[in-house]
Amino acid sequence: MSDSTNQLLNNLNSLVTGLFLLTAFGIVAMRQARGVLNLFIVQSLLLAASAVLLGLRYNAEHLYGVALVNIISKPIIVPWLLRKTSPSEVYTRREVTQALNVPTALLIALALAILAYFLGLPLLNAVAPQFRGPNVPIGIAGLLLGAFTITVRREALPLLIGLLVMENGAFLAGIEIARNLGMLIELAIATDGLIIVFIMGVLTRAVQKQIGTTAVGELASLKETTVEPAEKEVSE
Amino acid sequence: MSVLIVLLLPLIATVLVCLPFKKAWAAGVTVVASLATLILSARVAWLTSTGNSITSDWKIGMLKWINVDGLSALILVLIAFVATTAAIFSVGYMAHGNLRPWKLRLYYANYNLFVFSMLAIPVLADPTLVWIVVELTTLCSALLVSFENTREALEAAWKYVVLSLMGAGMALFGFLVLFAAMQASGSTDAYTWNNLITAAPTMPPALLQTAFLLILIGLGTKVGLVPMHTWLPDAHSQAPSPVCALLSGIETTSILYVILRLFPVMQAAPNSHAETWAVVLGLISVGTAAFLLLQVKDYKRMFAFSTVEHMGVILTAVGLGTSVAGYGAMQQIVSHCVTKSFCFFAAGTVLLAMETRQISSIRGLIRQSPIAGTALVFGGLAITGAPPLAVFLSEFSILKAGLTQKEYVATGLLAVFIVIAFFGIMLHINKMVFGAREDENVVESPNNHSEPGNKTHLPFSCRLALLVAAVPVLVLGFYIPQPLHDLLTQAAAALTK
Chain A
33 MSDSTNQLLN NLNSLVTGLF LLTAFGIVAM RQARGVLNLF IVQSLLLAAS AVLLGLRYNA
93 EHLYGVALVN IISKPIIVPW LLRKTSPSEV YTRREVTQAL NVPTALLIAL ALAILAYFLG
153 LPLLNAVAPQ FRGPNVPIGI AGLLLGAFTI TVRREALPLL IGLLVMENGA FLAGIEIARN
213 LGMLIELAIA TDGLIIVFIM GVLTRAVQKQ IGTTAVGELA SLKETTVEPA EKEVSE
Chain B
106 MSVLIVLLLP LIATVLVCLP FKKAWAAGVT VVASLATLIL SARVAWLTST GNSITSDWKI
166 GMLKWINVDG LSALILVLIA FVATTAAIFS VGYMAHGNLR PWKLRLYYAN YNLFVFSMLA
226 IPVLADPTLV WIVVELTTLC SALLVSFENT REALEAAWKY VVLSLMGAGM ALFGFLVLFA
286 AMQASGSTDA YTWNNLITAA PTMPPALLQT AFLLILIGLG TKVGLVPMHT WLPDAHSQAP
346 SPVCALLSGI ETTSILYVIL RLFPVMQAAP NSHAETWAVV LGLISVGTAA FLLLQVKDYK
406 RMFAFSTVEH MGVILTAVGL GTSVAGYGAM QQIVSHCVTK SFCFFAAGTV LLAMETRQIS
466 SIRGLIRQSP IAGTALVFGG LAITGAPPLA VFLSEFSILK AGLTQKEYVA TGLLAVFIVI
526 AFFGIMLHIN KMVFGAREDE NVVESPNNHS EPGNKTHLPF SCRLALLVAA VPVLVLGFYI
586 PQPLHDLLTQ AAAALTK
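Line by line, the protein sequences give chains A and B.
When you line the first sequence up against the working numbering, it's residues 33 to 268, in that order.
When you line the second sequence up against the working numbering, it's residues 106 to 602, in that order.
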């Protein structure tokens with residue numbers, strides 16, 4: 033392939049990964065549960081696009097497989113599984129009581145993204161030139177922003193999406209630096225998202241049945257210091 | 106071949122227990138399947154204790170990634186052992202709750218699937234596949250943690266899942282970086298534990314170190330290392346007792362096994378500080394858990410914190426880095442596994458007898474239910490390392506290895522923390538078992554279950570499980586059979602390369 037095509041593919045990949053980072057920011061800030069899910073679907077499609085671009089650039093056919101598995105599992109099966117397992121309430125919820133307000137959360141997210149860049153640098157310097165690209169620092173940023181989403185959210189669905197964003201970040205970096213891993217990475221992508229969604233969906237349904245809300249952040253009774261109900265009964 | 110059957114048995118059992126027969130069917134199938142798994146994995150361990158490793162003959166699909174050496178076989182046998190005793194304990198324990206048949210079938214199906222996912226961890230040689238089965242253990246065990254469907258159980262399961270999966274995300278990135286490191290070293294071999302060791306000397310240190318730390322922290326979350334342990338006491342106390350035995354006794358260990366696999370890789374690379382990380386994280390875990398043990402209010406949480414402590418002890422021992430300390434660590438893995446599962450069976454019988462998890466509302470247990478009381482005292486003594494029981498011997502050999510190596514600070518701290526943990530646990534157990542009852546409690550609540558004379562009858566299977574689980578706790582305290590000794594030596598050899 034000619035140099036100019038390669039350059040074009042590299043630039044396109046930079047664009048796609050840049051958009052990936054933007055969706056991660058969006059997921060941190062978005063309050064509507066449905067919107068978070070949509071952003072996640074866009075993000076997964078961008079991950080697939082990056083896989084295709086890298087596949088074209090380096091003639092790595094199996095990255096097309098990664099893209100395909102990704103498109104089937106995340107934008108299609110994840111929402112379907114969510115509908116099957118969890119109560120419809122999770123979509124309609126709008127989170128008003130985040131732990132942090134949106135501007136603060138975005139500022140911290142920005143700091144995390146910059147941190148990710150510096151964490152990625154030593155890794156990039158250690159690998160061969162054909163494995164260097166924007167995917168690694170942005171993948172790390174995805175990992176960190178996903179974890180950050182989990183820590184500030186109280187609602188079940190954004191928490192779940194936070195976990196999936198973490199995995200997306202890991203895979204985005206993975207298709208660049210561990211490109212030759214082969215079949216196994218497809219398998220990991222396919223099983224992982226489904227495991228997360230299935231289990232979280234089932235648990236969310238159970239939580240909603242038991243305590244009548246999907247705001248799982250309100251579950252905080254298991255501590256060392258609190259006096260549990262059983263003890264109260266005895267002492268009364 | 107027998108390795109394959111070991112993996113297939115729990116899967117077959119999962120399908121069989123779903124058949125709508127009588128209640129005893131599901132329990133029976135599970136017991137038989139896990140017993141068969143135990144026998145077969147003992148055979149695998151026997152074959153590997155001579156230093157051979159078993160590789161599958163088939164070169165197709167995932168089967169080519171099966172590789173069992175001494176360390177794998179040790180974990181395999183321990184999983185099968187706890188799975189068997191916990192299955193026996195489940196028969197009586199789960200029958201007690203008067204569950205509906207479908208719920209009981211669900212329990213056993215989940216149980217077998219969970220056992221399968223754990224058995225697959227030591228058997229597989231490809232780190233990516235291992236990561237996938239680790240995810241599978243989270244899936245199966247979380248549904249078992251939330252099994253009782255109370256608010257607390259759901260909260261525990263939720264915390265467990267969120268933290269474990271966050272850790273899994275980090276570990277995934279770690280495994281991908283590890284693969285990149287292998288590629289960067291110029292190796293074109295398959296991505297397996299053994300090939301990693303061969304490639305390690307030429308790996309770029311930045312990649313290897315990053316991968317190690319990501320995996321240590323990521324999977325350390327699931328092992329329950331401090332400060333990522335916060336979910337563990339919740340999940341390990343809210344699950345049904347036989348599941349607690351599985352979670353605490355062996356699941357933590359089998360995840361720790363994955364971390365241990367990285368130590369020979371790190372040793373083969375120049376300037377790696379894996380040992381230092383292990384000692385530091387290990388000592389922090391032991392210390393924190395020891396002090397938290399003093400103030401627990403729930404006796405199942407107490408045993409859960411003790412798991413955090415023991416994971417720390419094992420990691421510290423591995424961090425000492427010599428083959429003697431490695432042998433001690435392997436011994437500790439065995440003794441912790443058999444003892445902790447016994448402890449949770451004891452806690453389960455106490456729960457059956459008293460129907461409360463509060464330490465403060467149980468007094469004079471020995472008069473109430475002599476079996477539960479004796480079991481609790483025995484379990485407490487055994488897990489805190491009182492002689493002449495299994496944990497004493499293994500902790501003693503770890504401390505001895507530390508002293509011969511002149512690691513006085515680490516060994517001293519370890520000894521102090523172990524002693525604190527001993528007092529923490531025995532103080533609570535002493536109060537529960539021999540403490541005098543406060544009379545006003547009895548007067549105020551005449552229908553209280555802790556009424557004197559109202560002795561609870563423990564199901565036969567629970568007593569049997571206690572008895573079976575107690576045998577290795579006692580025997581391994583003063584005698585290690587030759588085959589086990591060989592296996593431990595092989596396992597310790599796998600830690601250093």
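These are calculated hints, taken from the structure and not from any lab test.
Ideal Cβ placement from N, Cα and C applies to all residues, glycine included.
One or more of the hints may lead you astray.
Under the rule of at most 25 Å between Cα atoms (straight-line distance), these lysine to any residue pairs were calculated in the SDA-like manner [claimed, not checked]:
#: 1; chain 1: A; residue 1: Lys241; chain 2: B; residue 2: Trp207
#: 2; chain 1: B; residue 1: Lys127; chain 2: B; residue 2: Arg210
#: 3; chain 1: A; residue 1: Lys116; chain 2: B; residue 2: Arg205
#: 4; chain 1: A; residue 1: Lys241; chain 2: B; residue 2: Ile110
#: 5; chain 1: A; residue 1: Lys116; chain 2: B; residue 2: Lys402
#: 6; chain 1: B; residue 1: Lys602; chain 2: B; residue 2: Pro306
#: 7; chain 1: A; residue 1: Lys116; chain 2: B; residue 2: Gly202
#: 8; chain 1: B; residue 1: Lys169; chain 2: B; residue 2: Ile110
#: 9; chain 1: B; residue 1: Lys402; chain 2: A; residue 2: Ala252
#: 10; chain 1: A; residue 1: Lys116; chain 2: B; residue 2: Thr381
#: 11; chain 1: A; residue 1: Lys241; chain 2: B; residue 2: Asn215
Among the chain A residues that face chain B by a calculated CB cut under 7 Å, a handful are [what the hints assert, rightly or not]:
#: 12; residue: Ala210
#: 13; residue: Gln242
#: 14; residue: Leu251
Original post:
Is the straight-line distance between the alpha-carbon of lysine 169 of chain B and that of isoleucine 110 of chain B 25 Å or less?
Top reply: With Cα atoms ~15 Å apart, lysine 169 of chain B and isoleucine 110 of chain B stay inside 25 Å; holds.
Original post:
Is lysine 116 of chain A within 25 Å of glycine 202 of chain B, Cα to Cα?
Top reply: Roughly 29 Å between the alpha carbons, so the hint for lysine 116 of chain A and glycine 202 of chain B is violated.
Original post:
When the nearest CB of chain B is found for alanine 210 of chain A, is that gap smaller than 7 Å?
Top reply: Holds. Min distance 4 Å.
Subject >> Given pair status - asparagine 215 of chain B, lysine 241 of chain A, alpha carbons within 25 Å >> reply: holds (21 Å)
Original post:
Hey, does the glutamine 242 of chain A contact hint survive, CB to chain B under 7 Å?
Top reply: Status holds, d = 6 Å.
**OP:** Mind checking the CB of leucine 251 of chain A against every CB in chain B and telling me if the closest is under 7 Å?
**Re:** holds (4 Å)
Original post:
Is lysine 116 of chain A within 25 Å of threonine 381 of chain B, Cα to Cα?
Top reply: violated (47 Å)
Subject >> Pairwise hint evaluation, tryptophan 207 of chain B against lysine 241 of chain A, where the allowed Cα distance is 25 Å at most >> reply: The hint holds at about 19 Å.
**OP:** Would you check the hint for lysine 127 of chain B and arginine 210 of chain B, treating anything up to 25 Å between C-alpha atoms as holding?
**Re:** Since the Cα atoms of lysine 127 of chain B and arginine 210 of chain B sit roughly 10 Å apart, the hinted pair holds (cutoff 25 Å).
Original post:
Is the Cα-Cα distance between lysine 602 of chain B and proline 306 of chain B 25 Å or less?
Top reply: It holds: about 12 Å lies between the C-alpha atoms, which stays within 25 Å.
Original post:
CA of lysine 402 of chain B to CA of alanine 252 of chain A, is that 25 Å or under?
Top reply: Roughly 17 Å separates the two Cα atoms, so the pair holds.
Subject >> Restraint status (C-alpha distance of lysine 116 of chain A to lysine 402 of chain B at most 25 Å) >> reply: Measuring from Cα to Cα gives roughly 39 Å; hence the hint is violated.
This entry does not satisfy hints 4, 5, 7, 10, going by the numbered hints stated previously.
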